[in-house]
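Got chain A sorted already, so can you dock chain B onto it with the hints?
Read top to bottom, the protein sequences are chains A and B.
My numbering puts the first residue of the first sequence at 1, with every later residue one more than the last.
My numbering puts the first residue of the second sequence at 1001, with every later residue one more than the last.
Since the hints were made in silico from the structure, they are not lab data.
A portion of the hints provided could be inaccurate.
Stretches of chain B that chain A covers, calculated by requiring three or more beta carbons in the stretch to come under 8 Å of a beta carbon on chain A [what the hints assert, rightly or not]: (1) 1093-1107; (2) 1159-1165.
So, partial list: chain A residues that the calculated Cβ filter (under 7 Å) puts toward chain B [unchecked claim]: (3) GLY28; (4) ASP83; (5) GLU203; (6) GLU208; (7) SER212; (8) LEU213; (9) ALA215; (10) PRO227; (11) ASN228.
We put the beta carbon where it would ideally sit given N, CA and C, even for glycine.
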Amino acid sequence: MTDPILSVPTMTDTVTTGHLPRTIEGRGPWKLAWLRLRKDKVAIWSLVVIGLLVLVAIFAPFFAWLTGHPPNVQYRETGLTPDGLPVGPSSTFWFGTDDLGRDVLTRVAYGARVSLGVGVLATMLTVIVGVVVGLAAGFFGGVVDMVLARLIDVVLSIPFLLVAVALVSITGPSLLVTIVVIGFFSWASMARIVRGQVLSVKEREYVEAARSLGAGDLRIMFIDVLPNVMAPIIVYTTLLVPVVIVAQATLSFLGLGVEAPTADWGGMISTAQRYYRTAWWFIAFPGGALLITTLAFNLFGDGVRDALDPRVDRLIGR
Amino acid sequence: MTTTAGTSTATPLLEARAVCKEFPAGGTSLTGRATQVLHAVDRVDLEVLPGETLGLVGETGCGKSTLARCLARLYDVTAGEVWFDGRDVTHLSRREMRPLRRDIQVIFQDPYGSLNPRRRVGSIIGDAFAIHGLEKGPARKARVQELMELVGLNPEHYNRFPADFSGGQRQRIGVARALALRPRLIICDEPVSALDVSIQAQVLNLLIDLQDELGLTYLFITHDLSVVRHVSNRIAVMYLGRVVEQGTVEDLFGGARHPYTKALLGALPAPDPDAADSREHVVLSGDLPSAVDPPSGCHFHPRCPKARADCREQQPPLEPVEGDPDVHVTACWHPLAHGESLSSAVPGLEIATPGEVEP
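Next comes chain A alone, as it looks inside the complex (with noise of 0.2 Å):
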């Protein structure tokens, strides 16, 4: 493989001195990964789409502007057709209208910002008490690890649909208990990838160097561990959250997501589904935002694996 960012100047092992400190900056495993990433152009294009959904999400009142049609108000009028039905796409209504006659445009784009900010809060959860309890697990080893690896272990088994319909139903539904219902079931994988990568990790050489010096077992988890299982966390983390959009939609498609008037995907695409012989655009643009999202996020996950996993050959497969 000629890859020219791979190709280090190398040093024969002479002995050098005389020269006035000067520093030679070395580029680090994490540079390098980004050089790669930078490379791959359907990773790219992943993170430009997925910026301008970020973009979406933030200046959702700037659609709600350019249509003149907040994301709540229903239009019977203009919005419905005699008979009650949603109205298609037009001049007025771009995407066309929902079965209360709501712009479906503004309500995709204020969707956005509970599915990302969803997707966002639940995968930092996850990731938080995923890692925690794997750096934990694997590195204590013992009693720690045991109990721990069983509750992962306990929590994996619980089916995940089940218990969210049965809290929701306790607690009513709302954005908070979706994301930790989701932060709840997720964690446990996340978990379960760390403790095995510092199984492994803290078995080199380095970590008893870093012992031999005098350091600490915080100093050496988070100085010596972590950094060298960051690369499977990050991977995990950005595959996670089209996974936990999905969810949140699921939850939501059920009635478990948001409060009624709040817009989001899941419970547009739940509505529309009445809807889908008259009213195709009811279903098509929600669903499709959720599928765009998903596919981006997905693709850039492969991509952020590639760069960081660099025995992957980059000329083969794309």
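For chain B alone, coordinates are given in the frame of chain A:
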């Protein structure tokens, strides 16, 4: 080497007293207890005197690296004591060990595995100061660059990553890290065996020069006898967790008593091929037995050309053979006489030698 050691009058800097290290093997039973035990180190006594280099040799898997880690207090010993500078350090907690870490340092075998790939060389070497809260900011950088220069690295490469260096250079980084705290003892765990032969000599000479310059004491672990001859004052030979022979370089290379030592020496490549014929080549039969279920008596008896029935019965003590100096000790029931050839020995586990066995 300028220092001459080998007299038993000096107080040892590092001492192992009947050190044992066992690992659980073969899984655990339902109650969590190990079903089998691997005896990696079995009652080893060892002394490292100030200023000397003690070479520890043996086959891969004989427990020499485990012993080194026990002595560096990276592993807790199962039994026995570790003394450093006249003080029992066997049961010091990690916190209590911290000041001692400045005196005992380790150079590891694998120059690729022993450096954190995600960190810059400056931070790796500077860790020693960071952990002990010494030399902050620019002073630390200056000290690190001094160390890099001392071990023959370009100080300008302070901000490079380990991946930017060759194996020999990486091992120099490891040496610089070990030297940072000005230790008195360095345990070198096969420091050159992962390097190209052409680079080995450079790193060995660096270690020797540093010893002269800084007055270091080395415990030098290797499976390579030519290396150990080059650097050591005294040599201890390990077999399956036990020391079988120990003495000065001259004692061992001139008059090895233990058949195992003799066989190791016979496996050395000769510098002068014409003279090579004068040495005997003994090929040991069989592999190193399992340390989970070691042979009875003398561990070496299943492979020993001189083994007799009594070798199976009892473990021989580590004592001077008659006529040898006190520092040359051998653990063998039937030590080789001077000039005795091993290839002429007749294996005879069935031959009883009642005359030589103590009642």
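Hints, verified against the model:
By the rule of at least three residues with a Cβ nearer than 8 Å to a Cβ of chain A, the coverage given for the segment 1093-1107 of chain B holds, with 8 such residues. A stretch counts as covered by a chain when three or more of its residues have a beta carbon under 8 Å from one of that chain; for the segment 1159-1165 of chain B and chain A the count is 6, and the coverage holds. At a threshold of 7 Å, the smallest CB-CB gap from GLY28(A) to chain B is about 5 Å, leaving the interface hint in force. Look at ASP83(A): its Cβ only gets to about 65 Å from chain B, farther than 7 Å, so that hint breaks.
Evaluation of the GLU203(A) hint against chain B yields a violated restraint, the C-beta minimum of about 9 Å exceeding 7 Å. For GLU208(A), the interface hint holds, since its Cβ comes within 7 Å of a Cβ in chain B; the closest pair sits about 6 Å apart. Restraint check, SER212(A) versus chain B: the minimum CB separation of about 4 Å is within 7 Å; hint holds. Because the closest C-beta pair between LEU213(A) and chain B is about 5 Å apart, less than 7 Å, the hint holds.
Interface restraint check for ALA215(A): the shortest CB-CB distance to chain B comes to about 5 Å, inside 7 Å, so the restraint holds. Among the interface hints, the one on PRO227(A) holds; its C-beta lies about 4 Å from the nearest C-beta in chain B, closer than the 7 Å criterion. With 7 Å as the threshold, the beta carbon of ASN228(A) comes within range of chain B, its nearest partner Cβ sitting at about 6 Å, so the hint holds.
Violated hints, in rising order: 4, 5; the structure is consistent with all others.
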